[in-house]
Each structure stands twice: as C-alpha cells, then as structure tokens.
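Novice: Single-letter residue listing:
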Amino acid sequence: MSWLVLFWILLKASLFSTSGTGNLPILHDELLARGWATESDFAEALAIGQISPGPTGLWVISLGYLLDGPRGALLALVAVALPPLTVLLVHGLYLRYGAHPATQGFVRGLTLAVAGIFVVVLVQIMQGTGVDARSLGIAAVALALGATRRVPVPAILALAGLAGVVLY
Amino acid sequence: MAHGQLAEGQPAAGAPSALVFLRAWIGIGVQSFGGGSTTLYLMRREMVERHGWISDDEFSRTWGMVQIVPGINLIGQSIVIGYHVLGATGVVLALAGLLLPSVTITVLLTAAYATVRELPVVAALLRGVVPATVGLGLLLALQMARAPLLASRAEGRTSLAFSVALLTTSAAMTSFAGLPVLAVLWSAGALCALVVWHAGWRQP
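Listed in order, the protein sequences are those of chains A and B. Heads up: the first sequence at position 3 corresponds to 3 in our numbering, and the numbers run straight through without jumps. Heads up: the second sequence at position 147 corresponds to 147 in our numbering, and the numbers run straight through without jumps.
FYI, nobody ran anything at the bench for these hints, they're computed from the structure. Quick caveat: nothing in here was measured; it's all calculated off a predicted structure. Incorrect hints may appear among the rest.
Label-pair ranges, simulated between beta-carbon atoms [stated by the list, open to error]:
id	chain 1	residue 1	chain 2	residue 2	range
1	A	96	B	33	20 to 30 angstroms
2	B	56	A	133	16 to 26 angstroms
3	A	100	B	153	19 to 29 angstroms
4	B	45	A	35	20 to 30 angstroms
Restricting the straight-line Cα-Cα distance to at most 25 angstroms, the calculated cross-link-like pairs of lysine to any residue (SDA-like) are [claimed, not checked]:
id	chain 1	residue 1	chain 2	residue 2
5	A	12	B	23
6	A	12	B	204
7	A	12	B	202
8	A	12	A	2
9	A	12	B	178
Far from chain B, some chain A residues (derived; all Cβ distances over 10 angstroms) [stated by the list, open to error]:
id	residue
10	2
11	3
12	4
13	7
14	8
15	85
16	106
17	108
18	117
19	139
For every residue, glycine included, the Cβ atom is placed at its ideal position computed from N, Cα and C.
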C-alpha cells in the first residue's frame with residue numbers, strides 16, 4: 001500500500017463530501033477496488049467513530065489507523081483538515097454566488113447523490129457480515145432506538161454487541 | 001445575501017489571548033460526545049453566548065457557507081471562527097483545540113480495538129455491532145437527504161419528484177451499473193445545478 005496513494009484517496013473523498021460521513025461512498029469504492037480495505041474495516045471504523053467524541057467525520061481517522069497504523073491515522077487527519085481551509089478562500093465568492101440557483105442546485109444534487117449511494121454502501125457492508133433475520137432485526141432496532149434520540153449511540157452499540165454474542 | 005462581511009480580527013467582544021482562546025476550543029473538543037450536533041451546540045454556546053467573540057448572525061451565516069465548502073462542516077466552521085477572532089493563529093488554535101482531544105481518543109480506541117480484533121469473542125460482538133452500525137448509518141442517510149428533500153417539496157411537486165429521482169438514480173448507477181462514485185457525484189451535482197437554475201424553482 002503506497003501511503004501517497006492512500007493519502008490521495010482520503011483527500012479526494014474529503015474534497016467531494018460536504019458533511020462528516022459524505023466521504024464514505026468514495027472511500028468504499030476506491031479502497032475496496034484496490035483490496036486495501038474490507039467491508040468489515042468500514043463497519044468497525046464507523047462504529048468506533050460513533051463512540052468517539054467530536055465530529056462524526058473523524059471516523060475516517062479510525063479507518064486510517066486500521067488500514068495503515070498510526071501513519072494512516074495521521075494521513076487521514078491531514079486529509080480531513082485541509083479541504084475545509086478552502087472556506088477562507090471562497091468567502092468572497094460565496095457572498096457573490098452562494099445564493100445563485102446553480103450553486104444551490106449543485107450542492108443539493110451532490111447531497112442527494114451521496115445519501116443515495118450511502119444506502120448502497122450500507123447494504124454492501126451488511127452483506128459483508130451476513131444478512132439473516134437476526135442481523136436485520138438488530139439493524140432495525142438500532143435504527144429505531146437512534147431515531148428516538150433518547151438512547152446514546154454507545155449504549156446502542158453495546159447492546160448490539162451483546163446481542164451478537166448471545167445470538168451467534 | 002451580499003450584506004455583512006467576514007472581517008479578520010474584529011471579534012464582537014475584545015480579542016482574547018491565545019491561551020484563553022485555545023482553552024475554550026479544548027473545552028469544546030473534550031465535551032463533544034454524541035456526534036456533530038453536540039459539537040455545534042457547544043461551539044455556539046462558547047463562541048457566541050459565553051465569550052461574544054462572534055455574533056449570532058455571523059455564526060449562522062458562516063454555518064450556511066461551510067455547508068457548500070468541501071469536507072467536514074464543523075472543521076470549516078471552526079476555521080472561519082478562528083480566522084475571524086485571531087487571524088491565522090486563531091485557525092491553528094481552533095483546529096488544535098477541537099481536534100487534538102477527539103483525534104487522540106479516536107486513535108487510542110482504535111489502537112485498543114486493533115489489539116483484540118482477532119479474538120473470537122470480538123467476531124461475535126461484531127456480528128451484532130455491524131448491523132447496528134448499518135441501522136444508525138441509514139438514519140444518517142435519512143438526515144442527509146432530509147434538508148434537500150424538504151427544500152424541494154417547498155418548491156413544488158416537480159422539484160420533489162426530480163430530487164427523489166436523482167437520489168434513487170445515483171444509488172442505482174453505483175450499485176447496478178457499477179459506475180465510479182466520483183463520476184456519479186459530479187454528474188448529479190452538475191445536472192441538479194442546471195435543472196434548478198433553468199427551472200427557476202423558488203420556495204414560496
């Protein structure tokens with residue numbers, strides 16, 4: 001695994017996302033194609049990212065670590081910190097064109113596409129561990145508990161882990 | 001939209017010392033358990049309400065701006081606030097304070113996980129945790145799609161239908177047609193830009 005290529009993929013994914021987990025589709029596409037990551041790596045990194053404090057987008061630091069140790073984590077950190085710096089450059093442009101229908105439309109299209117592809121990625125991650133009545137049940141319960149916003153995410157994941165040990 | 005300006009080094013209240021500013025960001029960094037909305041809440045409380053380093057209006061306006069800038073929105077927001085309050089130094093301090101605690105904890109958790117990863121009991125745990133992550137991920141996807149879909153609905157039935165079609169087609173193009181994700185994202189963005197502009201959809 002070349003660290004330069006890994007960094008480039010991480011950077012590209014960050015450049016083409018406008019939210020914390022929006023980088024998932026590109027990373028999933030390119031890292032799986034190269035055989036540098038497995039479906040499980042993504043699931044594990046996402047889970048750790050959900051437990052850790054701070055922006056959800058830091059899940060990618062965990063992914064970097066799982067793939068390439070401390071160096072991978074560092075590459076991921078630089079890759080997520082650089083693209084938002086463009087905010088300092090685009091401020092003038094934003095005042096002029098931010099409200100333009102084409103700008104708004106581009107961001108809307110990008111967000112909708114990411115959301116759609118996100119679901120595809122999740123289905124593939126699910127297939128990676130096996131789809132059966134038990135796993136579908138756990139996913140549904142986690143979704144429902146998460147939607148209530150009353151149960152903390154680490155608690156949901158802990159319950160799910162327990163369910164995994166008991167059921168499998 | 002073109003009112004107000006993002007002035008460098010002109011905070012609403014007096015400029016803080018580097019140490020005070022860094023400490024405020026570390027506070028945000030260590031307390032933000034529970035994902036992005038907690039972090040944003042803490043940021044507004046510290047920067048706007050407690051210290052008055054940036055006005056409420058400015059905070060909301062920059063939040064709108066970072067939505068269309070590449071990368072994690074919260075990082076963009078902390079960069080803008082840092083620059084606004086203390087210039088380039090402020091950017092470094094804000095990023096360090098926000099990221100160092102959370103990144104350290106993330107790395108430590110992952111390192112700890114990596115050492116037990118091969119244990120059989122972890123494999124069993126994962127068979128439960130992975131589907132739960134997928135369930136929570138679906139929630140994230142819903143939250144992501146919610147704002148653009150609500151905006152489309154306010155613009156009328158055609159706009160909503162177009163947005164739904166764009167979302168499902170993008171998914172289908174990646175899964176069934178196997179197109180590269182980057183190509184699908186570019187096409188979706190460009191197509192939506194043209195259509196929204198040309199159709200002149202407006203929220204009433």
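Novice: Kindly indicate which numbered hints from before are broken by the structure, ordering the numbers from low to high.
Specialist: 1, 2, 4, 5, 6, 7, 15, 16, 17, 18 and 19
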